Amino acid sequence: MAIIDIKNITKVYNSDQIPVHALNGIDLQIEAGEFTAIVGPSGSGKTTLLNILGGLDDPTSGNININGVDLFSLNQKQLTEYRLHHIGFVFQSYNLIPVLTARENIEFILQIQGKDAKHFRQRSLELLEAVGLVDKADKMPSELSGGQQQRVAVARALASNPDFVLADEPTANLDSASTSNLLDIMATMNSELGITFIFSTHDQRVVERATRIVTLVDGKIFSDENR
Amino acid sequence: MSSRAIIVLSWKNVWRNPVRSGIVILSVVVATWSGIFMVGFFNGMTVQFVRDQLQNYTSHIQIHDTRYVDESLPEFTIREADQIINSLQAFDFVTQVTPRTVINGLISSANNNYGVTIEGVRPDLEVQTTAIHSYLIEGEYLTGSLRNPVFIGSDLAQKLAVQLRSRIVLTFQDKQGNITAGAFRIEGIFKTPNKAFNEGNILVRADDLNRLLGDEQAVHEIIVMVDDYMKSEDYALQIQSVLSNEVVVRSWKDLSPMLKYIESSMDISMYLVMVILIIALCFGVINTMLMAVLERTAELGMLRAVGLNKFKSFTMIMLETTFLTMIGSPLGLLLGWSFNAWYGEKGIDLAFFSKGLELYGFNSMIYPELGLTYYLDITLLMLLATVFSAIFPALKALKLNPVEAIRKH
Ligand SMILES: Nc1ncnc2c1ncn2[C@@H]1O[C@H](COP(=O)(O)OP(=O)(O)OP(=O)(O)O)[C@@H](O)[C@H]1O
Ligand SMILES: [Mg+2]
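Those protein sequence lines, which keep their order, are chains A and B. Count the first sequence with numbering that gives the first Met the number 0 and you get residues 0 to 226, in order. Count the second sequence with numbering that gives the first Met the number 0 and you get residues 0 to 408, in order.
No more than 16 Å apart at the CA atoms, straight line, and that leaves these computed lysine to aspartate or glutamate pairs for EDC-like:
id	chain 1	residue 1	chain 2	residue 2
1	B	Lys230	B	Glu262
2	B	Lys311	A	Glu80
3	B	Lys398	A	Asp56
4	B	Lys174	B	Asp214
5	B	Lys345	B	Glu368
6	A	Lys76	A	Asp56
7	B	Lys194	B	Asp51
8	B	Lys194	B	Asp154
9	B	Lys309	A	Glu80
It is worth saying that the hints were derived from the structure and are not from the lab. For clarity, every value in this text was computed on a predicted model and none was experimentally measured.
Isolated chain A, as found in the complex (with noise of 0.2 Å):
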């Protein structure tokens, strides 16, 4: 069954004089448990399809039905509670809260959650030992790799035990090794865990790990492949 039902989604930007159409009627099904990379040209559309699955922008047409959930039926406020419960991000950068460790940051989701206290420490301590940073727990992000911070990036994105985890080019400021090391990590969430990945990217190595590629080209969907 899908988990994401996106219904001819459009979006139009009119900042300029002349309007820009980002996205041209997408639709798509993402089921649970799939490994999706979205690819495409510069300005094909990548960004904005992920923003406004992950609730951060509005379409200008269409919907996206979430677990039975219309999306653009929630008003801000349900929105902002939708992702901090049902969604986890990591962006390009600026993923972590420089004054907090590492398991801070992530404790940092719980706490605001409102969650019970008692099991933050626990929980923080194995998503970092899933990422293989257990011994950084109580680093400084400016104390880490560029690499290390998307690693507690991503297990602050699954603290909240999310529905889907959107990544929008979460690979794109770091060296190879540190791109493979990650789409590891991500790889064995997604087959060991169950973990449902839709990320962005460039990278030619990291469109080879998915299991589903989704081309767009000036915001349609160009192919779509299962591997």
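Keeping the supplied structure of chain A fixed, place chain B with the ligands upon it in accordance with the hints.
Relative to the frame of chain A, chain B with the ligands by itself:
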């Protein structure tokens, strides 16, 4: 749980740029401290001035015959003054009472004549009530070792070209309206900080004056000192209520509109000084915090994206600003208070400027003082200022669009 996380994060954010936060905190400290000290200084100066004026010249409360208030003629004496003086003993707040005979007349030396106010006093009571005697610079104070002694101001003595033991003649109307005159000898010379008083007022013994006046019991004025001069108006009303309306009881605020004005305008100017300082401070704090928010656009956008709601992001920035001022203001309050306490005890010597100050009747030693209510008001003002300056940066954080904030980087 979640509010605790926000508080902790805000606190850590304050120390993200310790130098900048330190400067803001320091400026809060310095502004509060200097503001309080400055206000304490001017308040001390004013309170002291008012107190001195009351102690030396105006006194706290005066009682006169109703007719005397309209026209101060010698015949308008207070009826049954003894009885009134006795009835004043019933009031707990009354600390001293002394009757006076007050007449406008002419003082003449061999060289000159001047119009003066002649105050006939009871030396034993007067020294306990007012402070003129303490300004003696030569001779003695109305001891009576001379016949008809007079205590005159240095400035007047100079104008009359007289010295200790010089003979002068006082001329005035007696009770019947006839011109009378008496010879007096200068027994003492005073010099108060007020030149006009030194020139225009002389003290003699009431008994000597009354004999010439033709009424041994004459009293024109009853001087009343009370335990708290700030309550004089209320006390005057209480006294009036037990006396007949043949007499008028007036507090210093009625007697000296100038002092009343000085006293009341002090409050306004003190708050004005504080408000101006605090407004300047607010701009500094707002500016710094806006910068802090702007620098963290991407991070704040990320936080909103992952699910930190608007209320929590608003609170977080509000708290950061609040922490900055909350660290600084108690420190500033404490420093200001200790400076006021220390110098309130020791005094600040403005001898350097004292020539100018004395002209206006100010003392050259200033003892800063500030009532508790002012500290409370200032604390309240600081709290208001904190909320005020916290709101703008927090609103800025609220307005930020997560998508744009993230995309920009
Ligand atoms: N806020 C905006 N205002 C106007 N146009 C925008 C805005 N955001 C995106 N666009 C435009 O929408 C189109 C899609 O942009 P998007 O960022 O989604 O592409 P992308 O596939 O993520 O590109 P890249 O690979 O460079 O990240 C582009 O033409 C872009 O210029
Ligand atoms: Mg993009």
